[in-house]
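**Student:** The task is simple: from the sequences and hints, build the whole structure.
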Amino acid sequence: MRSKILVFLACALFAFPLLAATVTISPTSSTVATSAARQFTATVTGATDPSVTWSVNDVAGGNAALGLIDATGRYVAPATPPAGYAVTVKAVSNEDPSASHSTALTVRWQTPSVSSVSPSPIAPGAFTITVTGQRYVDGAVVQWNGASLPTTFVSPTQLTATGSATQLGANTVRVVNPGPGATSSNFTANVVTNLAVTVTPSASTVPLGQPLQFAASVANTTNQSVNWSASAGSIDANGVYTAPAAMPLAGYATITAVSAQDNVTSGKTTVTFTDPDAVHYARFLEQATFGPTPQSMARVREIGIPAWLDEQFAKPESPWPTNTTNRDHVINAFFGNALSGDDQLRQRVIFALSEIVVISRNKNTNANELVPWLQILSRNAFGNYRTLLGEITLDAGMGHYLDMVNSARPGLAGGANENYPREVMQLFSMGIHELNADGSVKLDADGLPIPTYTQADVQQLALAFTGWTYNNSSNTPTASGQRGAYYPGPMVPAPYYHDAGPKTVLGQLIPAGQTPLEDVNAGLDILFQHPNVGPFIATRLIRALVTSNPSPQYIQRIAAKFDDNGQGVRGDLAAVVRAILLDAEARNDDPPSDFGRLRTPVQHTIAMVRALGLTPTSASNFDYLLAAMGESIVNAPSVFGHYSPAFRIPKSPLYGPEFQIYSPTEAINRANFLHSFWSASGGNLPAALLPFNAIASDATALTNAVDNTFLYGRMPAATRAAILQALPLMYDNPQRVRTALYLTLMSGDYLVQH
Amino acid sequence: MSNDHNDGFSRRQFLQLSASFGVLATLGNLDWASAATPDDYKALVCVFLFGGNDGHNTIVPLDQVQYDAYAAARGGLALARNTLLPVDDAQGPFGFHPLMPQTQDLYRTGRAAVVANVGMLVGPTGWSDLGDPSKLPANLRSHSDQVIQMQSGSPAGAASSGWGGRAADSVASFNATAAFPVSVSLSGSALFCAGNSVPAASLQPGNILSQSAMSLWPQSAADARAAAQRQVVTQTSGNQLVNAANKQLAGGIDLHPLLKQAQSSITWNRPFPTTGLGRQLADIARIISLHSQLGVGRQVFFASLGGFDTHGTQSWNQGVLLQEVDNAVRAFYDATDQLGLAQSVTTFTLSDFGRTLQPSGSGSDHGWGNHHLVVGGAVQGSRIYGQFPLMTNYANLNATAEDYADTRGVLLPRQSLSQYGATLARWFGADPNTTFANLGNFGTATDLGFMG
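Residue numbers (the numbering used here), protein chains in the order written: chain A, 587 to 1340; chain B, 620 to 1071.
Warning: the hint list may mix true and false statements.
[Claimed, not checked] In silico contact screen, one side only, chain B against chain A (beta carbon under 10 Å); selected entries:
#: 1; residue: L681
#: 2; residue: L1016
#: 3; residue: D1025
[Claimed, not checked] Label-pair ranges, simulated between beta-carbon atoms:
#: 4; chain 1: B; residue 1: Q912; chain 2: A; residue 2: K1237; range: 35 to 45 Å
#: 5; chain 1: A; residue 1: G1070; chain 2: B; residue 2: S934; range: 14 to 24 Å
#: 6; chain 1: A; residue 1: S612; chain 2: B; residue 2: Q838; range: 45 to 55 Å
#: 7; chain 1: A; residue 1: Q1139; chain 2: B; residue 2: G1059; range: 33 to 43 Å
#: 8; chain 1: B; residue 1: I885; chain 2: A; residue 2: P880; range: 50 to 60 Å
#: 9; chain 1: B; residue 1: W836; chain 2: A; residue 2: D724; range: 33 to 43 Å
#: 10; chain 1: A; residue 1: G969; chain 2: B; residue 2: Q710; range: 37 to 47 Å
#: 11; chain 1: A; residue 1: A756; chain 2: B; residue 2: A798; range: 54 to 64 Å
#: 12; chain 1: B; residue 1: R889; chain 2: A; residue 2: K1237; range: 34 to 44 Å
#: 13; chain 1: A; residue 1: Y1082; chain 2: B; residue 2: L1016; range: 24 to 34 Å
#: 14; chain 1: A; residue 1: G1075; chain 2: B; residue 2: Q957; range: 13 to 23 Å
#: 15; chain 1: A; residue 1: Q1139; chain 2: B; residue 2: S934; range: 49 to 59 Å
#: 16; chain 1: B; residue 1: T1026; chain 2: A; residue 2: S1026; range: 58 to 68 Å
#: 17; chain 1: B; residue 1: G695; chain 2: A; residue 2: N909; range: 29 to 39 Å
It is worth saying that the hints were derived from the structure and are not from the lab.
Predicted model, so just to flag it, every value in this text is computed and none were measured.
All C-beta atoms in this analysis are idealised placements derived from N, C-alpha and C, irrespective of residue type, glycine included.
**Tutor:** This is the structure in structure tokens:
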């Protein structure tokens, strides 16, 4: 197709031989230095005679001022550029004088060169330098680091210039002849000082907001005065530095003293900021919330721990989803309330209670079987434990979970179910062995543990707990009153199914002839008054909030608070929680080596997300990953929760319940899970991490940032050294950020709140 | 070593060892500790049925009188006689649950046995002992306690080691060159696997513990990150829990290359079912296939299936679960056969406890004694070991027919977990007395015979 068109065009040209002639000059728009030659050619078409006549600025053949051009088109520039550094070269067809072509030609000064600069080296401050080289013309300018200096033309090989050196080491010098494009290559001139400024103290630390006196000495001069500056915080003329009030992400400042002698020579040192209170308040918030945030740290610093507790006790409860059977809504609320509920302490206690008084969606599959349970835990988190026991015993979801619903007196179908009576004693109130007030197991004369209850107690309590059914008004009651599944609201009595006889539980009589509710209350009262409940629940809550290995004295103090809140009330959970968190053992910021507890996967994740201000997707989207870490939300494998309170750290006498779900496998799963939070779509860093990215090229700053954000300045030297060693080998800043986060957040020091 | 360790030392094992040493040794002089033979491999594979499997409906007497007594006692839970899968035993005809055809086949072909009425016992226990708590295991019928006791092999409360781990401890000489954990759970951290010295691990099916953070370009960056991580997790902190947390992650890092190797593909003649238990057993088979390369001579594995706590809708729920066990265990047996290791691998069940014969609504309640299944080429199969409880004794409960511990039909175990486990441990080459501290309470009857 294309070749056909070309053939057609060629035929057309031959068909019209009388077409007007044209002239084309080559090259066009070129530049030539003074006294240099440039060959032009002119192509003539549409004429038989290809010859042209050349002119410069319409002067045929040119002249000495404009440059000369011969009949072949060879142009020789003049020794001095013409006005405006430009001429016009023109070719006119000899056959058809109406045909011509012009082109602009720039004629510039020759390119200068620099062969030496003296003095060498140059001292800082004001200087006069002599520049030696070639092809300098009057009007040439010396440039210092790209800036023009006042310059004197001495000769075509020498210039002098004056300026001021403010930068030690390599500086660039070049010469620019007047007019366009005549600039030399850069020549390196060294600026060397014989002064030396030393700043002390070196590599110091200073608490936030606090002053620190710096001093500078200037060697090789009597002028000891310096000008101070700081990259963060402020420093006065006397070297008195004041650290910033809030921790900058980089965690340190560079202090600079510049000699007044030359205003150039400087000494530098760094000062690292410490935040001594951070450990105190962050440790508290690790125990009382799902992890410190800048906001919660500021609040507890402002009002103090006791007032912060009062404030939390008064916060309204975060809501739970109602009118839904979708269990994803429960998963999302459980995670979401913990992540961002304003009632952080309540959420933390709900979390703790949810591992003691357990319902699981592995049996209670719908949201409406789970929400009343969470509402009971939420409502009673700061209430009375007896009230909590009463409400959970009659909860329809619990009735389903541990089979108390439709449990019937002997002789009727099904009989008295022993499941809930056993678990309420073993797990929700007393435990299996009699305890001393300090939580230790009471031993009999043979040195053996004493069971708190017998199988007979289980059977008797089962009889007392007969006669409850679902509150299903839409379900036609049978003659005897049992009804089909209905979860909102508590169970209701089905008296026909209730065992009317007397029962003896833990040696105490529940008289015959009571209503189902009277029997439930009597049974629960017997359990609740058992002396085990204080130490049993105290131990569970201390382990959930503060430490896996509380001292017997700590347990005893909390158990005593459970027994009597100071006003004669037994089971006051607010008093118990307050006592746990204010106890000297919890508040000891230099705790013994067995102190602390492993964060669960959910707690670990939420603490990280809160500290970084990330915005994760709904938890139901990643619950399957939590399952691979042993902590699928509201989905404990059994009534014993996600991990056994009696679990001991492998090869250790220490308790560590949460270690049961931190095997090597689960550790790697957790590492992979956390790592997934640090990439947004496209593999970029999430926006919340951009401040870290901004400082990531400074390994010290980035390491300080992760230390201060997650470890409150307690990063061990080995971790710090490992991070500082790895960061320079990363390809880019996002890699650096992820490296620092990964190494810190999966270190034992962060995994264990201690 | 005392000679009585050798009482249960089978003729077959003796010949094997003698052959590999190229010498003739007399039983009395044979030192257990020197019995290591690198090309000798054995594995014990525990399949734990969490929740308390209802053994009464796993294997049922087909004798008409016994079946009728069974049906009367079980009410709505009774399985129809004509649906049970018949097998023979000297005690009479029995039938497996209708959804266990593979187990029926393994039993009929001599590769599976049933061990009847096994339970946690302090010592031989009769009716007269039931009122004396000191003669009974702590907290019978409590899931948490019985799950611990069945794994610890001890009728006491808390325990720090399991009988699988202790059995592995005692065969350490077979594992001197082991480059892989010897005691491995595919079902979370299992007390069963914890020994006093044996390296244990818990793995998840299909997970070879790759770290996504280590997929990094360029490789030099990945290497630097990995080196730094190792430095972090191997440091020593002043806090013991911090050290423990670091140690767990370090363990995962070390396991990765080994699991990567174990993942190397094998095509099984009988594919494993993609069920939870199927995946666990498939990974166990892959690890077993590498035993020579990894220098492992003895291994203990733990797999599990939950959901057996059938207080309600048992008929449906238990059937589905038993079907999963049936298919997974059969695939696993065939895999060991394919590897030429059918004689070297023995699979057995454990469970929290048995259940009440008497129903509780549409389910059953926590019991005590239970029937268990043992599968493998070394098993003396096609038999029921131990006296199967007579269903007729339930209707006529009395002290001379001590099959039942109470009116709900809770089985009073005739054979202890210790005897059951010791029989397996002895085959494994382990010292049964360190594996079960209370084995001595059962006198000389410490081998139930099902391993020959």
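**Student:** Each hint: holds or not?
**Tutor:** Hint check:
no.	hint	result
1	L681	violated (28 Å)
2	L1016	violated (16 Å)
3	D1025	holds (9 Å)
4	B:Q912 <-> A:K1237: 35 to 45 Å	violated (27 Å)
5	A:G1070 <-> B:S934: 14 to 24 Å	holds (19 Å)
6	A:S612 <-> B:Q838: 45 to 55 Å	holds (54 Å)
7	A:Q1139 <-> B:G1059: 33 to 43 Å	holds (41 Å)
8	B:I885 <-> A:P880: 50 to 60 Å	holds (53 Å)
9	B:W836 <-> A:D724: 33 to 43 Å	violated (58 Å)
10	A:G969 <-> B:Q710: 37 to 47 Å	violated (59 Å)
11	A:A756 <-> B:A798: 54 to 64 Å	holds (57 Å)
12	B:R889 <-> A:K1237: 34 to 44 Å	holds (39 Å)
13	A:Y1082 <-> B:L1016: 24 to 34 Å	holds (29 Å)
14	A:G1075 <-> B:Q957: 13 to 23 Å	violated (57 Å)
15	A:Q1139 <-> B:S934: 49 to 59 Å	holds (53 Å)
16	B:T1026 <-> A:S1026: 58 to 68 Å	violated (38 Å)
17	B:G695 <-> A:N909: 29 to 39 Å	holds (36 Å)
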